[in-house]
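Visitor: Here's the letter readout for the chains.
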Amino acid sequence: MDFISILSIFVMACFVGYYVVWSVTPALHTPLMAVTNAISSVIIVGALIAAAAGGSPTAKWLGLIAVALASVNIFGGFAVTARMLAMYKKKER
Amino acid sequence: MEHIAPPAWVMLAYLISGVFFILALRGLSSPATSQRGNHFGMAGMLIAVVTTLVTHDVASLPEIMGAIAIGGGIGWVTARKIAMTDMPQLVAAFHSLVGMAAVLVAAAAFLNPSAFGIVGEDGLINPVSRVEMGLGIAIGAITFSGSVIAFLKLAGKMSGAPILLPLRHVINLGTLAAILGLIGYFTVDQSPWIFWTVTALAFLIGFLLIIPIGGADMPVVVSMLNSYSGWAAAAMGFTLHNTAMIITGALVGSSGAILSYIMCKAMNRSFISVIAGGFGAEAAVSGGEAKEQRPWKRGSAEDAAYMMQQAESVIIVPGYGMAVAQAQHILREMADVLKKQGVSVKYAIHPVAGRMPGHMNVLLAEASVPYDEVFELEDINSEFAQADVAFIIGANDVVNPAAKTDKTSPIYGMPVFDVDKAKTVFFVKRSMGGVGYAGVDNDVFYMDQTMMLLADAKKMCEDIVKALQH
Numbered sequence: 001m002d003f004i005s006i007l008s009i010f011v012m013a014c015f016v017g018y019y020v021v022w023s024v025t026p027a028l029h030t031p032l033m034a035v036t037n038a039i040s041s042v043i044i045v046g047a048l049i050a051a052a053a054g055g056s057p058t059a060k061w062l063g064l065i066a067v068a069l070a071s072v073n074i075f076g077g078f079a080v081t082a083r084m085l086a087m088y089k090k091k092e093r
Numbered sequence: 001m002e003h004i005a006p007p008a009w010v011m012l013a014y015l016i017s018g019v020f021f022i023l024a025l026r027g028l029s030s031p032a033t034s035q036r037g038n039h040f041g042m043a044g045m046l047i048a049v050v051t052t053l054v055t056h057d058v059a060s061l062p063e064i065m066g067a068i069a070i071g072g073g074i075g076w077v078t079a080r081k082i083a084m085t086d087m088p089q090l091v092a093a094f095h096s097l098v099g100m101a102a103v104l105v106a107a108a109a110f111l112n113p114s115a116f117g118i119v120g121e122d123g124l125i126n127p128v129s130r131v132e133m134g135l136g137i138a139i140g141a142i143t144f145s146g147s148v149i150a151f152l153k154l155a156g157k158m159s160g161a162p163i164l165l166p167l168r169h170v171i172n173l174g175t176l177a178a179i180l181g182l183i184g185y186f187t188v189d190q191s192p193w194i195f196w197t198v199t200a201l202a203f204l205i206g207f208l209l210i211i212p213i214g215g216a217d218m219p220v221v222v223s224m225l226n227s228y229s230g231w232a233a234a235a236m237g238f239t240l241h242n243t244a245m246i247i248t249g250a251l252v253g254s255s256g257a258i259l260s261y262i263m264c265k266a267m268n269r270s271f272i273s274v275i276a277g278g279f280g281a282e283a284a285v286s287g288g289e290a291k292e293q294r295p296w297k298r299g300s301a302e303d304a305a306y307m308m309q310q311a312e313s314v315i316i317v318p319g320y321g322m323a324v325a326q327a328q329h330i331l332r333e334m335a336d337v338l339k340k341q342g343v344s345v346k347y348a349i350h351p352v353a354g355r356m357p358g359h360m361n362v363l364l365a366e367a368s369v370p371y372d373e374v375f376e377l378e379d380i381n382s383e384f385a386q387a388d389v390a391f392i393i394g395a396n397d398v399v400n401p402a403a404k405t406d407k408t409s410p411i412y413g414m415p416v417f418d419v420d421k422a423k424t425v426f427f428v429k430r431s432m433g434g435v436g437y438a439g440v441d442n443d444v445f446y447m448d449q450t451m452m453l454l455a456d457a458k459k460m461c462e463d464i465v466k467a468l469q470h
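Chains as they are written, first to last, in this note's numbering: chain A, 1 to 93; chain B, 1 to 470.
I should point out that these hints are in silico values taken from the structure, not numbers from a laboratory. Virtual Cβ for every residue (Gly too), placed ideally from N, Cα, C. Incorrect hints may appear among the rest.
Claimed, not checked - Derived pair list, reagent style EDC-like, types lysine to aspartate or glutamate, alpha-carbon separation capped at 20 Å:
| id | chain 1 | residue 1 | chain 2 | residue 2 |
| --- | --- | --- | --- | --- |
| 1 | B | K458 | B | D336 |
| 2 | B | K404 | B | D418 |
| 3 | A | K90 | B | D456 |
| 4 | A | K89 | B | E366 |
Unchecked claim - Just some of the chain B residues that point at chain A, by a computed CB distance under 8 Å:
| id | residue |
| --- | --- |
| 5 | R80 |
| 6 | A83 |
| 7 | N112 |
| 8 | T243 |
| 9 | T248 |
What the hints assert, rightly or not - Not close to chain A: a few residues of chain B, all C-beta gaps over 10 Å, as computed:
| id | residue |
| --- | --- |
| 10 | L152 |
| 11 | R168 |
| 12 | F186 |
| 13 | W196 |
| 14 | H329 |
| 15 | E383 |
| 16 | D406 |
| 17 | D448 |
With the sequences and hints as input, model every part of the structure.
Guide: Right, dumping it as structure tokens:
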């Protein structure tokens, strides 16, 4: 992909993000932060590439550490979000 | 070596992953759909990880699995154990990890560029990729060190008071200019010293940016760092030409930016003044001034129980002080007893009621308060005029009418609840001495219809519940 295509995706995604986030109810802003935290750990993709590649042992180890750090976030972020969301209950009628 | 385009199905898989992340946030538009949204998020992450693993020659699968197991285990256990009041520092700690992961990935890309397919025909790293890497490592490093300071302040391991260095604006702007200048120079000269100097300066600036910001502004800081962690992921997405990372980065970046904006608006502070720091230091000084003695009425738990039983509608305004006193469960019991007796009970939440956006809603949800009894500022404020009782517990600045009337007040212009319009006001407070974050006196204490309930919030609610059951 050339730079302009990537930039186009990025700009469009910023607009999508803007509208989607404004539609989030303020009552769920804390879970929103927890889940955005979890999904921003998609950076694990870069960490996996670094950890998988041969060539530079240093780069491989940096990648492995990054994989571990991102995993803390992925598992922790989704789990804590699930825990919070399970607490939101409607009035019993 | 040109960047080889991956097969179409790989691009599609990352695109689906990105779309799933959009759906994860979309689900949060209502509590009813939110859990499904979270599952979309998990699925999106699984797709991204599996796609990456099957499309690369993985020389070290056991090590990678080990790293995931160790990190995932730590994350899982932490998520299960953390108290809901500690959510802000957990989120800050998680941000620091994303920041550090971005730094490590950018460093790995610099050390082993061919693995990332960013080497040009001349054997050097593509100039565009150098800028992306430079920005990625810089934003990642700022996110890391800034979040560490935010974590220490929120967890109380470091004083919440702003630390003001002389000439700090000059130092900060100079450091930022140096980082940008070096990233620019990096496009013509890919010497390692430039890359590592950028990294070191970025770690330093993250630290310098957050230390002057006071505890009261931490909700803005946490949201801002949330945004940074997104931009760091997006920058690495540009380097890797990865759609999932770019979409996610844009989503998270916008999300954090919008939350910072909402928080600033709720405090009537400009984003620039929050970043410039120092708020809280001045307030501590002005709070020390001698105050005039004005008459006020003290009420008892029995008074409160009687008045609320007679009322048709009660609006509860909880603040962070309620959570500190761990009074949310007994407060909900009090509301349950009142509801059984036919009283309409609603909760009014100010955007800055907790220590991060939406924090108070989580604390009430944990205490089994149904979410359809909890209302935001703009949705409920007009109802105070018809309410028989406003019950303020652990809140102060958010009900201070000075924000509407006194132009000299530090909180002037902040949107506040019109509790002064309610027929009767009960104000639960530990003593008459303490003041809110902003350190200003509150006219609500001295109104004719106000009764001060001076006690620990939890103890007071217990006494009211006892009195209600008589």
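Visitor: Would you mind marking each hint as holding or not holding in the structure?
Guide: Now for the hints, and whether the structure bears them out:
1. Restraint check for K458 of chain B and D336 of chain B: the C-alpha separation of about 16 Å stays at or below 20 Å, so the hint holds.
2. For a cut-off of 20 Å, the pair hint linking K404 of chain B to D418 of chain B stands: about 10 Å separates their Cα positions.
3. Annotation: proposed proximity of K90 of chain A to D456 of chain B is violated, straight-line Cα distance about 29 Å (limit 20 Å).
4. Straight-line distance between C-alpha atoms of K89 of chain A and E366 of chain B comes to about 10 Å, which keeps the hinted pair within the 20 Å bound.
5. The interface hint given for R80 of chain B holds, since its Cβ lies 7 Å from the closest Cβ of chain A, which is under the 8 Å cut-off.
6. This hint is violated: A83 of chain B has a C-beta 11 Å from the nearest C-beta of chain A, more than the 8 Å allowed.
7. The closest approach between the C-beta of N112 of chain B and any C-beta of chain A is roughly 4 Å, which is under the 8 Å cut-off, so the hint is satisfied.
8. A least Cβ separation of about 6 Å between T243 of chain B and chain A falls short of the 8 Å threshold, and the interface hint therefore holds.
9. For T248 of chain B, the suggested interface contact is upheld, since its CB lies about 5 Å from the closest CB of chain A, less than 8 Å.
10. Annotated as non-interface, L152 of chain B keeps its C-beta farther than 10 Å from every C-beta of chain A; the closest such distance is 18 Å.
11. With a least beta-carbon separation of about 28 Å from chain A, R168 of chain B lies farther than 10 Å from that chain, consistent with its non-interface assignment.
12. Non-interface call for F186 of chain B relative to chain A: holds, since the shortest CB-CB distance, roughly 17 Å, exceeds 10 Å.
13. Taking the minimum C-beta to C-beta distance to chain A, about 13 Å, the non-interface status of W196 of chain B holds against the 10 Å cut.
14. For H329 of chain B, the shortest C-beta to C-beta distance to chain A comes to about 13 Å, beyond the 10 Å cut-off, and the non-interface label holds.
15. Chain A leaves E383 of chain B outside its interface by the beta-carbon criterion, the shortest separation being 17 Å against a cut-off of 10 Å.
16. Against chain A, the non-interface label of D406 of chain B holds: every CB pair exceeds 10 Å, the least being about 27 Å.
17. For D448 of chain B, the condition that its CB be more than 10 Å from all CB atoms of chain A holds, with the nearest at approximately 33 Å.
When held up to the earlier numbered hints, the structure conflicts with 3, 6 and fits the remainder.
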